[in-house]
Amino acid sequence: MVRYLGRRVLYMAATLLAISLVVFVIINLPPGDYVTALQSRYAVQGQGLNPQDLENLRVRYGLDGNLLQQYWHWFTQIVVHGDLGMSFEHEKPVAQVIAPRLGWTIAVSVITLLVTWALAFPIGVYSAVKQHSAGDYAVTTVGFLGLATPNFLIALVFIYFSVTWFGSVPSGLCSPEWCDAAWNLGKLLDLLGHLWIPMIVIGTGGVAGLVRIIRNNLLDELHRPYVTAARARGVPEGALLRRYPLRVALNPFVSTIGWILPLLLVGDIVVGQILSLPTLGPILLGSLKSQDMYLAGSIIMVLSVVTVIGTLISDLLLGWLDPRIRLGHQR
Amino acid sequence: MEQPLLEISGLHTSFDTFDGKVRAVDGVDLAVHPGKTLCVVGESGCGKSVTARSILRLIEDSGSIDAGTVTWNGDLIDGTGEAFDVLTLDPGDKRLQKLRGGDVGMIFQEPAASLLQLRTVGAQLVETLRLHTGLDKKAARAKAIELLDTVGIPDAARRVDAYPFQLSGGMCQRVMIAIALCANPSLLIADEPTTALDVTTQARILDLIRSLQAEHRMAVMFITHDLGVVAELADEVAVMYLGRVVERASVEELFADPKHPYTKALLASVPVLGRDRGRDLPTIPGAVPSPLHRPSGCSFHPRCAEAIAGTCDVEAPPEVDFGNGRTAECVLYETEGVRA
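Keeping their order, the protein sequence lines are chains A and B. Take 1 as the starting number for the first sequence in full-length UniProt numbering and just add one per residue. Take 1 as the starting number for the second sequence in full-length UniProt numbering and just add one per residue.
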């Protein structure tokens, strides 16, 4: 188990290194940099910037070297000093921009993940055990719709209905009167009152996908020889389902943390913008538009770290659940 | 003849498929006597496995048992209860629970696939033990180790915590046998238990089944396509073709004097060391027809060397009873025996 864990951690570090390189290159791929974005903003306001000013700005922001030098600078700053760099746009250290929003992003994602699981698991099991029943068809149809509808569309539909029915747009995660208040029961209830909207919007696709996974896996497992064999030795049906096929169908379910977490985080980018959530999504979008490269790069890196840690957790759970993984097929 | 332990009569089991209803078992009558071995032999797809599974009602959702009775006389014989028809029991009936794994043990074709890979063999054995014997955890574990030892697993105290994928196919089948034996069943149903194993392992498993049978005085219903196995194990033999039993005989009679043309052809196609050197092995011409398109009359007539045109392809052959449980379903013997 220790070797398994060590190997996983090593892969994790390599993955992050690769991601950092790709992220940095992609952020720098569009022509221009933060200074050109600044220049065009000034131009709109009728103020020109002369080449000398531009050059000075580039030196000030450390944008004068080539791409590799910039990457090396960024990389060593993060690894050696834990410094994510300055955000040009916010004129603050990136860490200060990200920190207050990171908590919300992770909170929204993790809560959505838990709710997604809690909903998808029983629905998927029901749908497999009662295959071809009316309930199964209903679940499958709704699942298809949920999977096919983009998150932002669901968000827009929500906004439309809340404006026509309640006359207001549900935005943010707290009502104005509670936002700056200290944590208490009232604020918590207020938060829950707001949280269900992004949860439904972000989680629908995930629930639909998971239901399909659980259903298909369980359908596969329900007809395996070991099920017949267990029935033949008198294991009662309920215990049979729990102890045999469900144990096996749990594996792909656990490994979903790996792919559903990035899905939730990305979903948050678009939906966070529409519902104006205090999460990382909206500022990531802003930083990409203004080519605020350290901020954009850092946000993507932070999200990658979260995802990779999620994958590690799911790998560990898998190793715990499945002796074949843990023992590596040794005889 | 003494009271049979298990009596199957008029069993019809069919499967709904995309192409139509497949009648996999089409009127099977069989009897298993206490302490005796019945071998059911036939080609792939003749319905022998489905017959075995129908006994404990293990047919999957797409299939259904349409008619017939499966009478269990075990409780009557040992004086603990009445005889009952397994097929009419309520799915939640205690007697069905007791029958499955309690009075009847069953082992299968693919031993490794018949065990859940994610749980130790001990856990699966203890589970069954506790279901049928009411032992507590500790006692069940001790009994499990003892059982694994009985079925010839070396170092049983350690192997009890092994996962199935850490054991060979032969070892897995021994575990399956240990599970089947855990409540001292009066009948063991073995559904081609040696097909997936190599030849030396096969022989060991057969030896094991034979010695356990003698020790526990249990009846065995052995499903196989291997006539060598039949010769070695059987007391009585039922030959199946396309969902029907075409011949029933004691093992000596079957090999010495096969009646049905299909049985004769089967025996002729067994290679004999020395005799068959340098010549082609006789085979039965043609292939087993699909049960969807059953030939008219006798279903074996298109492949039969002795078929009588105008008779065999028109009417279903009579079942001829030669006495002493010997039967054959063929017009050739119509005058010899009694029409059943």
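None of these hints come from the bench; they were simulated from the model. Positions of the beta carbon are idealized from the N, C-alpha and C atoms, including for glycine. Please note that a few of the clues may not be correct.
Non-contacting residues of chain A with respect to chain B, defined by C-beta distances greater than 10 Å in every case (computed) [unchecked claim]:
#1 Ser-175
#2 Pro-225
#3 Thr-228
No farther apart than 27 Å at their CA atoms in a straight line, the calculated lysine-lysine pairs in the DSSO-like style are these [what the hints assert, rightly or not]:
#4 B:Lys-143 <-> B:Lys-98
#5 A:Lys-130 <-> B:Lys-138
#6 B:Lys-94 <-> B:Lys-138
#7 A:Lys-130 <-> B:Lys-143
#8 B:Lys-98 <-> B:Lys-137
#9 B:Lys-94 <-> B:Lys-21
Structure-based check of all given hints:
no., hint, in the structure
1, Ser-175, "holds (48 Å)"
2, Pro-225, "violated (4 Å)"
3, Thr-228, "violated (5 Å)"
4, B:Lys-143 <-> B:Lys-98, "holds (19 Å)"
5, A:Lys-130 <-> B:Lys-138, "violated (37 Å)"
6, B:Lys-94 <-> B:Lys-138, "holds (25 Å)"
7, A:Lys-130 <-> B:Lys-143, "violated (38 Å)"
8, B:Lys-98 <-> B:Lys-137, "holds (20 Å)"
9, B:Lys-94 <-> B:Lys-21, "violated (32 Å)"
In this structure, the earlier hints numbered 2, 3, 5, 7, 9 are contradicted, and the remaining ones agree with it.
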